[in-house]
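Asks: Fit chains Z, W and Y with the ligands to the given chain V structure using the hints.
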Amino acid sequence: MRKTVQNLKVIENLQLNDDHHLLQLEVPDQLETIFPGQFANLLVNHSPGVFLRRPFSIYSVDYIKNTISVFIKEIGEGTRALGQTPVNSYINSMFPLGNSFTIPNEPEKILLVGGGSGVASLMNLAQELNKNLNDVYILIGARSSADLVELEHFSQYGTVYTTTEDGTQGEKGYVTNHSILRDQFGQFKRIYSCGPEPMMRAVAAKAKSQSVFCEVSLENTMACGFGVCLCCVTETIEGHKCVCTDGPVFNINQLKWQI
Amino acid sequence: MRKTVQNLKVIENLQLNDDHHLLQLEVPDQLETIFPGQFANLLVNHSPGVFLRRPFSIYSVDYIKNTISVFIKEIGEGTRALGQTPVNSYINSMFPLGNSFTIPNEPEKILLVGGGSGVASLMNLAQELNKNLNDVYILIGARSSADLVELEHFSQYGTVYTTTEDGTQGEKGYVTNHSILRDQFGQFKRIYSCGPEPMMRAVAAKAKSQSVFCEVSLENTMACGFGVCLCCVTETIEGHKCVCTDGPVFNINQLKWQI
Amino acid sequence: MADLSTTIHKLELKNPVLTASGTFGYGLEYDDFLDVSLLGGIVVKGTTIHPRQGNAYPRMAETASGMLNSVGLQNRGARYFATDIYPKLTKYNTNVLVNVSGSTIEEYIACAEIINELDHIAGIELNISCPNVKEGGMSFGTSCGSIENVVSAVRKVYQKTMIVKLTPNVTDIGELARAAEYSGADSLSLINTLLGMAINAETRKPVLATITGGLSGPAIKPIALRMVWEVAKAVNVPLVGMGGIMNATDAIEFFLAGASAIQVGTANYIDPTITLKIIDGIDSYLNYHKFNKLSDIIGCLQL
Amino acid sequence: MADLSTTIHKLELKNPVLTASGTFGYGLEYDDFLDVSLLGGIVVKGTTIHPRQGNAYPRMAETASGMLNSVGLQNRGARYFATDIYPKLTKYNTNVLVNVSGSTIEEYIACAEIINELDHIAGIELNISCPNVKEGGMSFGTSCGSIENVVSAVRKVYQKTMIVKLTPNVTDIGELARAAEYSGADSLSLINTLLGMAINAETRKPVLATITGGLSGPAIKPIALRMVWEVAKAVNVPLVGMGGIMNATDAIEFFLAGASAIQVGTANYIDPTITLKIIDGIDSYLNYHKFNKLSDIIGCLQL
Ligand SMILES: Cc1cc2nc3c(=O)[nH]c(=O)nc-3n(C[C@H](O)[C@H](O)[C@H](O)COP(=O)(O)OP(=O)(O)OC[C@H]3O[C@@H](n4cnc5c(N)ncnc54)[C@H](O)[C@@H]3O)c2cc1C
Ligand SMILES: Cc1cc2nc3c(=O)[nH]c(=O)nc-3n(C[C@H](O)[C@H](O)[C@H](O)COP(=O)(O)OP(=O)(O)OC[C@H]3O[C@@H](n4cnc5c(N)ncnc54)[C@H](O)[C@@H]3O)c2cc1C
Ligand SMILES: Cc1cc2nc3c(=O)[nH]c(=O)nc-3n(C[C@H](O)[C@H](O)[C@H](O)COP(=O)(O)O)c2cc1C
Ligand SMILES: Cc1cc2nc3c(=O)[nH]c(=O)nc-3n(C[C@H](O)[C@H](O)[C@H](O)COP(=O)(O)O)c2cc1C
Ligand code: FES
Ligand code: FES
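Protein chains in written order, with our numbering: chain V, 1 to 259; chain Z, 1 to 259; chain W, 1 to 303; chain Y, 1 to 303.
In short, the hints are calculated from the structure, not lab data. Mixed in with the good hints there might be a few duds.
With a cut-off of at most 30 Å between alpha-carbon atoms, the simulated DSSO-like pairs for lysine-lysine come out as follows [claimed, not checked]: (1) K3(V) to K88(W); (2) K73(V) to K277(Y); (3) K14(W) to K160(W); (4) K290(W) to K241(V); (5) K205(Y) to K293(W); (6) K73(Z) to K233(W); (7) K205(Y) to K241(Z); (8) K91(Y) to K3(Z); (9) K205(Y) to K233(W); (10) K290(W) to K205(Y); (11) K3(V) to K91(W); (12) K290(Y) to K172(V); (13) K88(W) to K241(V); (14) K73(V) to K205(W); (15) K73(Z) to K205(W); (16) K160(W) to K293(W).
Isolated chain V, as found in the complex:
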């Protein structure tokens, strides 16, 4: 659908744990297709320290209820204010922005690797892949079991594996050390990843070494979100590209990562 700026009504604000919220936002205009990986740029009201909008992946879309959801991890003033938006108030939202993950034409065996708030961009993707009958595996890493949220939701769309740094759930350690990456990596035709950059780089290195198709979703700092400020660039083989319009999703072969 084309980019719009609309006031979306918060019809549900689910507190997932201490600092994670899932907001369901009602869209007044009829939704058209939103692709997995696209994001929304939200205006933060009543926060003296916040000047620009804040970008969030579109976590899921409900075309029947005509809603989109965003998953918010509170890390600063903007995310705190947004995470605590009361139900029935409005959030001015610019969306859908950015490109999207490439969906395979034929069903394939696919691995999604997410960490931190990066899992947000994988939910819509998992759902889409599942709808297209792909064989989806989802590996999610977190600090501790309390930070592993929405696993049930993910498990509707694929087989979920987890790691925690403190060993409270799943395998202990970083997501990039999970046994599935060691033992079964060769089985996957595609890898999609979103999360902290060191994690994505490790995943990308693995994929590259085995020549597996791999797309990552970047989270560069943005001023506009729609390709006019040129602040969000990443280095690609074709020069600087905007993460907000040429991305956020990049095939790792496009990036100039030293991996």
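Replies: Chains Z, W and Y with the ligands in isolation, oriented as in the chain V frame:
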């Protein structure tokens, strides 16, 4: 009492009409005497357009409940945010600030003239004068009857007269044209006034012409409220004086008003 | 409806609201959000004779009521602009101006010459005030001598309206404005960004890859207003004011200070339709205060 | 508890948090709120040889994340300070500095001479950067020649620590800083306010009686940080940084950029106890990041 900065809990927020609120604020520390005319400088949270504190007269003090009240007329972002502060939240308040009206030693016949939000500084004064057995008359002007609020409260402490510009209550016209100022002015030993400057100047001119004691409470724009920025000055016969510390109350003979 | 038209030298603007270079792309990026033709004009991204990759990432830091950027004139060069972008802009029924920059006077001239050939481009804005490039840019705009050199050189090759964009990072902007006027500027626009810096206390590193960057947004409005007012007293050419304009009231302040038109910059990022709201707001202001036309308030600050 | 002590030339400060001139009165106004002796030092209100009434009201305009003031050095003169105010300040167990200003070099000298006699005054801050006075003030601070004249003249009559306060309203602050250092400044403080303006669109009048005023507050922090960083590269004397510091993180940024101490200005109006919170916050930062002493981070921006 000495100046303090404290978080005061809003225990009541009375909406008086469309844009007037009366906030009762609970003071954690034991209140000491607050004099009529003194003010509080309130911090506005969650308002990106507001940087400095906002000054408000202390409308009334309840030493038993240990509360102070402020009367807020919404005219901009700061007053709107403060006026809409929910009960049980906190307002960071610096108080008590400024000097106070001079209370006569013996009971006298006294006229208070107020307009707009200026009436706020007269309530505490009316109460104090009434306690000291003065014969108190209170003249209040407003645009329209809807803006005449708290009259019942005032009438506990004296005889209330009103004017409205549209004639919907009391005498029609400006407060400075009220018949009491024409016909009975000579009977008053003291005049205290607070409101729009043109109103105070008119009252002051009248008082001066008949050599009646007259104090006015000024509302200059302030940055600090406690005498350090020197932004709030008014011209007096002794040079520039700070409205926040040498005032807000001035005897009209101190001022350099051309009246 | 008040008469919002205004003139910048030979340019007739249907309303005084332009967009600031670097904040409106080529207009095309805004097609989803608004009808660009409704604007008084647009100033497209800073253009140089050679393609530029711009500076390294990170290029942006949010600050109190503002932002720092260090984009560094990333663009694909004047020739690419002329062949690939320009044809898409002829659909706009409004003034399209190109912001021209360079590292040497020769580069400015070469770039202006290419733009001079493009019929539908109404004028250029000569950017001698970019704080984010190592060579040229702002250094051209901080002394009278270099302003005279670059402005008069470009004047020789560029016939249509030439606006010269001034930097605020100077001791005496009035003096520099006079130098630009004297050297042939048809109009002056101001201000470009203020040189600033942000540090991340946790990592103990600068936030921007280039260490310093240009500050824009409402934080700088008081400085911008002051400079427009000073320059209005110093020169006779029409001024285009900008710096932190977020709404119609801000725009009115710039007109009162002496600007014949204004540019909206950073505000476009926050609300891409803000320019239309500003146009409406200016109209409401004029009607409410019973002015028939915009020109009634330009430079009419009451002292 | 980390070691927060720092030095500005001969001045030993128990911690690096000072208060900015014009924002802390004479300290006495804060006695109700905090124990002034806990601060690294205070810089009292701008003082001139003759009493000054300052500018007309209104003197203040709120702006986005900042404020404009046009107080214009209202004070009762150096002699009144020496006889009536100074005796009340000797109770403070911290460094008390006087901000000295003048309309002519002779006035600076006369004022400094009077302050030189006051034992308990640890030093002066030479204000050659006030934007709110018609004569002198900022005009002394915008050219190397005039800086040299006034700084070297005062140097001759003032023996204790002399900090020279620079204006940000210049093209090249590094150059001016070098002139001040060369002329005998023991330390440089920066920045004073940026010249700005506010207009009331409804009344169509300037908000300030003086039309322009000085901008302070978080809005200017990026500019202040950049200038401290530039000056740190240009000179060897210790720097006192200020401009929009609202919390400990802001202060840390100034230390990283190269300031040996900082001043808190406008923030004192909003929270009169903010200086103590900043001292605590600096201590927490150093502990958390495992630095034993403040000096470990001064100028340690990682490039
Ligand atoms: C395309 C895109 C999609 C995103 N999707 C989501 C999502 O679905 N859910 C979610 O919770 N978050 C998401 N983010 C991140 C989110 O935008 C930031 O967390 C948010 O902008 C921070 O705002 P704040 O005001 O809370 O923090 P700030 O106060 O601005 O920053 C707090 C701290 O975090 C750092 N920081 C801020 N933004 C980033 C960033 N993008 N990368 C690294 N460090 C940063 C700052 O430097 C600072 O140290 C996404 C970002 C992008 C670019
Ligand atoms: C000592 C003192 C006591 C006061 N007591 C009360 C009180 O008891 N109740 C009450 O409602 N208000 C009182 N006021 C006025 C109150 O402080 C202002 O209304 C408030 O600061 C406005 O804040 P704002 O953010 O809503 O408006 P802003 O957005 O700051 O201003 C809105 C408009 O009002 C104008 N304005 C702002 N402040 C003043 C002022 N002081 N005088 C004239 N014009 C102004 C501005 O220029 C602007 O045009 C008092 C002021 C002072 C100095
Ligand atoms: C991200 C960004 C890029 C910019 N690029 C340019 C540019 O290429 N050429 C130019 O003259 N000004 C450029 N500017 C400056 C703006 O045109 C404008 O002068 C400045 O931002 C002040 O206006 P504002 O506060 O409304 O944004 C840029 C500003 C920003 C924020
Ligand atoms: C109301 C006011 C008065 C000031 N008076 C003086 C002064 O007398 N002398 C001086 O050198 N600086 C003066 N300043 C400037 C401050 O000391 C400081 O340099 C400036 O405000 C920037 O710091 P801040 O952003 O923390 O306020 C004044 C600032 C304000 C806001
Ligand atoms: S965020 Fe502005 S171009 Fe990407
Ligand atoms: S408001 Fe600062 S001195 Fe009065």
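Asks: Decide, hint by hint, whether the structure agrees.
Replies: These are the hints, each one checked on the structure:
Restraint check for K3(V) and K88(W): the C-alpha separation of about 19 Å stays at or below 30 Å, so the hint holds. Proximity of K73(V) to K277(Y) is assessed by CA-CA distance (about 28 Å); at most 30 Å being required, the pair is judged to hold. Distance restraint check for K14(W) and K160(W): the Cα-Cα separation of roughly 18 Å lies within the 30 Å cut-off, and the hinted pair is therefore satisfied. Restraint check: the Cα-Cα separation between K290(W) and K241(V) comes to about 49 Å, which exceeds 30 Å; the hinted pair is violated.
For the suggested pair K205(Y) and K293(W), the alpha carbons sit about 19 Å apart, so the restraint of at most 30 Å is met. A distance of roughly 40 Å separates the Cα atoms of K73(Z) and K233(W); the hinted pair therefore is violated under the 30 Å criterion. Proposed proximity of K205(Y) and K241(Z) is supported: the alpha carbons are some 24 Å apart, at most 30 Å. For the hint pairing K91(Y) with K3(Z), the CA-to-CA distance comes to about 20 Å; that is within 30 Å, so the pair holds.
Among the hinted pairs, K205(Y) with K233(W) is consistent with the structure: their alpha-carbon atoms are about 16 Å apart, no more than 30 Å. A threshold of 30 Å between alpha carbons decides the hint, and for K290(W) with K205(Y) the separation of about 17 Å falls inside it, so the pair holds. Taking the CA atoms of K3(V) and K91(W), the gap is about 20 Å. The hint holds against a cut of 30 Å. Of the pairs offered as hints, the one joining K290(Y) and K172(V) holds, with about 28 Å between alpha carbons and a cut-off of 30 Å not exceeded.
At roughly 21 Å between alpha-carbon atoms, K88(W) and K241(V) fall within 30 Å of each other, so this suggested pair holds. Restraint check for K73(V) and K205(W): the C-alpha separation of about 25 Å stays at or below 30 Å, so the hint holds. Only pairs whose Cα atoms come within 30 Å are accepted, and K73(Z) paired with K205(W) is rejected, the gap being roughly 46 Å. Pair hint K160(W) plus K293(W) holds up; C-alpha atoms about 26 Å apart against a cutoff of 30 Å.
The structure fails hints 4, 6 and 15 (numbered hints given earlier, in ascending order).
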